[in-house]
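K.L.:
Read off the chains here:
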Amino acid sequence: MNRCTRHVAAVCALLLAVLLVNAARVQLVPGPPLRDNPADLRDDIARWSLPRGDIVVDGRPVTGSRDTGRRLRYERTYRDGALYAPVTGYASQRYGTSLVENLQDGILAGTDPLLSPLPLLDGLGSRRRPGGRVVTTIRDAAQRAAFEGLDGRRGAVAAIEPATGRILALVSSPSYDPSAFSGAGEAAAGAWTRLNGAADRPLLNRAIRQTYPPGSAFKIVTAAAALESGVVEDVDAPTRTPHPYLLPGTATVLPDAAEGCEDASLSYAVRWSCNTVMARLGARVGLADMVGTAVAFGFNDTGLRIPAAVARSNFDTDMSPDQVALSSIGQFNTTATPLQMAMVASAVASGGTLRRPYLVEEATRAGGDPVAHYGPGAGRQAVSAATAARLRELMVRAVEDGTGGRAAIPGAVVGGKTGTAQHGVGNAGTPYAWFISWARAEDAPQPQVAVAVVVEDATGDRAEISGGGSAAPVARAVMEAVLSG
Amino acid sequence: MTALTADAPRHAPPRAKRRGVELSLLVCAVLVCVYGYAAVGLARHGAVPPDTAGYAAGLGTLALLGHLVVRLRAPYADPLLLPIAVLLNGIGLVLVHRLDQETPGELAAPTQLVWSALGAVLFCAAVIAVHDHRRLRRHARAGGVAALLLLGAPVLFPSVNGARIWIRVGDLSIQPGEFAKVLLTVYFAARLAAHRPKLPHTGRRPKAPRGPFGRTLAPALAVWLLSMLVLVVERDLGTSLLFFGLFVVLLYVATGRIGWIGAGLLLASAGAWAVGSLEPHVHSRVADWLDPFASITAGQGPGQLAQSLFAFAHGGMSGTGLGLGHSALIGFAAKSDFILATVGEELGLAGLTALLLLYALLVGRGFRAALDTPDAFGTLLAVGLSSVLALQVFVIAGGVTGLVPLTGMAMPFLAQGGSSVVTSWVIVALLVRLSHAARAPRPAAAGTADRPPVRPAVLR
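These protein sequence lines map, in sequence, to chains L and D. Counted the way the numbering used here counts, the first sequence spans residues 1 to 485. Counted the way the numbering used here counts, the second sequence spans residues 1 to 460.
Extracted from the complex, chain L is given alone in its bound form:
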């Protein structure tokens, strides 16, 4: 009997050993499915257990955190969410993060090793650090002016400080309030579904993620190419452009909206936006130099980060002469993001130097000690200083006595270029209204702001939907806001 009792005891000991080995397997073996499983809420609980760090515009946080008392404790809130959504992006407990909320997540959530007072000892303490702050380059007044200027119309605005590349305004319209789906509940799910299904796509950041045919606004690039390549020596000399003008190698007549374009000078062509002159100049410059200049301004770049990824603006690299001619007036396959066109204006404004645009100035600890600074990067010469100076002159004339008259600001020097891009099947869609410009106060040594505005659905009279009519006033409001700020 005792022998059997010992056997039973031995079996029990064996069961214990099996239990312990299995427990060690479950508790100690790293990796999925038990560790870091997205279905495990623990990471989320830790992530939202402290207030998230704030995103700062002009010294004031535009974000906040709300103690919900629920399992995922602190929920993101936004001040003027719709206004800043194209900058901040969203931080949702259910749908993840985007834009600055996404790219600076480590800082904001407090997990970035940079925030540690002693980075080498990181990991010893399990306590989470409070989230740091992210300071943006946005100028509050400019952002508001742009948002109110668009006034709910579909479109976007990008404004850059030419000397540094700081993005002063980044607006997409219509926008959304990111706090609508900050939480994890059903309300968030409903808002998310509604916003994703909305016809006017409020979640789309049109300023950096949407490309449009730039239309006549692209003529600044063509003019730059013509000056750089020597095709045009004197901006006031006649270009011997015939009227009507047939696209090279075809029997297609290129129409002209403006009067007096026959044999007009480059200056006149930019001022009144002559299609024929600019298309012919583009064709004469040739594919290689046109591509070279467009790329110098930032076209065809897939790697631009501000730090959010910017969609690639396109200028085709393999075209027949008639296609080059059409592309030179911002049609055919030429497309650009609003930010890209702001970069064109910015490079012209800063003596031909193109600086990488950036949105995040610095990251600090919760207390304010800076931990990372993302200052201006090195500039790149897009066009020569001489060409830039002549382009500025052309743009100033376009505002003073041309299509961009409505962008003029008393007491400031403003250069601009309108654009009206046809699109859709048979150009049936409502044209996109463009305006790109720069401005400096009269006493300022160099331009302080470069802007690009696009308005998609100017609902008024078709004739009114020109860059000068719909987009220029928005650009003027943004420039005024920067100059007076």
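Everything labelled a hint here was simulated from the structure, so no lab data went into it. Every value quoted in this text rests on a predicted model; they were computed, and no experiment measured them. Fair warning: there could be bad hints in the mix.
[Stated by the list, open to error] Some chain L residues judged to face chain D by a derived CB distance under 7 Å, without partners named: (1) Leu14; (2) Val26; (3) Pro33; (4) Leu34; (5) Arg35; (6) Leu41; (7) Asn300; (8) Leu304.
[Said to hold, decoys possible] In silico contact screen, one side only, chain D against chain L (beta carbon under 10 Å); selected entries: (9) Val232; (10) Arg235; (11) Ile261; (12) Gly325; (13) Ala328; (14) Ser336; (15) Leu356; (16) Gly366; (17) Gly402.
[As the list claims (entries may be wrong)] Coverage of chain D stretches by chain L, computed from C-beta distances (three or more under 8 Å per stretch; other residues unrestricted): (18) 245 to 257; (19) 293 to 305; (20) 308 to 314; (21) 371 to 381; (22) 419 to 430.
Where is the CB? At the ideal position from N, CA and C, for every residue including glycine.
With the hints as your guide, set chain D onto chain L.
P.N.:
Chain D in isolation, oriented as in the chain L frame:
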């Protein structure tokens, strides 16, 4: 010949009583529990709970009461049994209290405290009342009948969470299967001990058709079959497996025939397979065990077992610390069936191992008592009670760690559930009694009447 020395009743020298050891261990056990209670308060509210002293006094009083009763009525009892029981019960209270922090509207700790006190009182009563464990044999038949009645009773009550194992009277819910466990163990032990001489135990003629299916075993087998039937009807596979294992173990120890183990395993596998494939409630448990993450893949979020495994994995080696984990994610059974997940997450593998070793020690001391008890009934009873504890711990701990399919059972002492705590205290009381009988100096030939002083197998 080792068997001879082990089996030979030990008359002399008289053993030390070791009550002082028990008392100091009890002090340690109470201190550990009080420390745990304070740690929960510190982690959750940043302060030691104001009622810590009261908690310490309450637990200390219960422990002291138990100690005094043992000291007076069973002075030779194993000094480890009571401290382990107090420690386990105290840790259980701390864990339930800690999980109460997550469900402020549904406090379980106060009720559990009342049940624990009741258990401790019952422990004292049992140690006093069962003056000689052999007297239990007289009531074994009544115990068997009572066990069947208890097992059958819940059929008359509505099922809870798919299993029909509760009796509900107002707010009070009782799991009679827990009490039936002890009664059935007593009954089986008495039955098998009474007929022991008639059962084959030599192994001399292994092919002999001396079947145990005679009238000697028939009542025991019948009772067992009935209990199985009741349990399958009640869909409580865990308890039915427990009874089955208990029955097989006792048969093996009583007869010495390895065939019982084989037959038992075979029957158990067949039964488990049949129930597992036919009964939807059990079938879903098996499916969950085979793939705990199926519900995640299906987009329905993690199920209870997956949540339990996450909790264990999150604990790692040293755990998050009491009060700092998120085992409440498991849901409604976090305080009962899945209480070990809280141990795993907040105390880590280190804490879990320590806890399992405590159970092992308890079971081990039970087997020690079985080896030293002079009479066959006592041996079988001690083996049975120890095996019940061991099997229960294995089935639950294995279930929540994904080793075996999950069956709803309560971790002895630890889990929320009054019936379970009270039953566990009674089991420990009986073990205390048995160990006292095993270690106490006994007058010559007084306690050896049941068992032949030498056995044929040993003589050879």
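K.L.:
Decide, hint by hint, whether the structure agrees.
P.N.:
Verification of the supplied hints:
1. Contact between leucine 14 (chain L) and chain D, as hinted, is not supported at the beta carbon level, the nearest pair being about 10 Å apart and thus beyond 7 Å.
2. A cut of 7 Å between beta carbons decides the hint on valine 26 (chain L): the least distance to chain D is about 5 Å, and the hint holds.
3. For proline 33 (chain L), the suggested interface contact is upheld, since its CB lies about 5 Å from the closest CB of chain D, less than 7 Å.
4. Hint on leucine 34 (chain L) holds. Least Cβ distance to chain D is approximately 4 Å, under the 7 Å limit.
5. For arginine 35 (chain L), the interface hint holds, since its Cβ comes within 7 Å of a Cβ in chain D; the closest pair sits about 5 Å apart.
6. Given hint, leucine 41 (chain L) at the interface with chain D, holds; its Cβ is 6 Å from that chain's nearest Cβ, closer than 7 Å.
7. Contact between asparagine 300 (chain L) and chain D, as hinted, is not supported at the beta carbon level, the nearest pair being about 41 Å apart and thus beyond 7 Å.
8. Residue-level restraint check for leucine 304 (chain L) is violated (minimum Cβ-Cβ distance to chain D is 37 Å; threshold 7 Å).
9. Proximity of valine 232 (chain D) to chain L is violated relative to the hint, the smallest CB-CB distance being about 24 Å (cut-off 10 Å).
10. A distance limit of 10 Å between C-beta atoms decides the matter here; for arginine 235 (chain D) the minimum to chain L is near 25 Å, and the interface restraint is violated.
11. Checking isoleucine 261 (chain D) against chain L by beta carbon gives a least distance of about 9 Å; that is within 10 Å, so the hint holds.
12. The restraint placing glycine 325 (chain D) at the interface with chain L holds, with a minimum CB-CB distance near 8 Å, inside the 10 Å limit.
13. Checking alanine 328 (chain D) against chain L: minimum C-beta separation of about 9 Å stays under 10 Å; hint holds.
14. Of the supplied interface hints, the one on serine 336 (chain D) is violated, with its beta-carbon coming no nearer than about 19 Å to a beta-carbon of chain L, more than 10 Å.
15. About 6 Å separates the beta-carbon of leucine 356 (chain D) from the nearest beta-carbon of chain L, less than 10 Å, and the hint is met.
16. Annotation: interface hint on glycine 366 (chain D) holds; nearest CB of chain L at approximately 9 Å, less than 10 Å.
17. The restraint placing glycine 402 (chain D) at the interface with chain L holds, with a minimum CB-CB distance near 7 Å, inside the 10 Å limit.
18. Only when three residues or more bring their CB closer than 8 Å to a CB of chain L does the claim for the segment 245 to 257 of chain D stand; here the count is 5, and the claim holds.
19. Counting residues of the segment 293 to 305 of chain D whose CB lies closer than 8 Å to any CB of chain L gives 4, so the stated coverage by that chain holds, three being the minimum.
20. With 5 residues having a beta carbon nearer than 8 Å to a beta carbon of chain L, the segment 308 to 314 of chain D meets the requirement of three or more and the stated coverage holds.
21. For the segment 371 to 381 of chain D, the stated coverage by chain L is satisfied: 3 residues place a CB nearer than 8 Å to a CB of that chain, which reaches the threshold of 3.
22. Using a Cβ-Cβ cut-off of 8 Å, 0 residues of the segment 419 to 430 of chain D lie near chain L, which falls short of the minimum of three, so the contact claim is violated.
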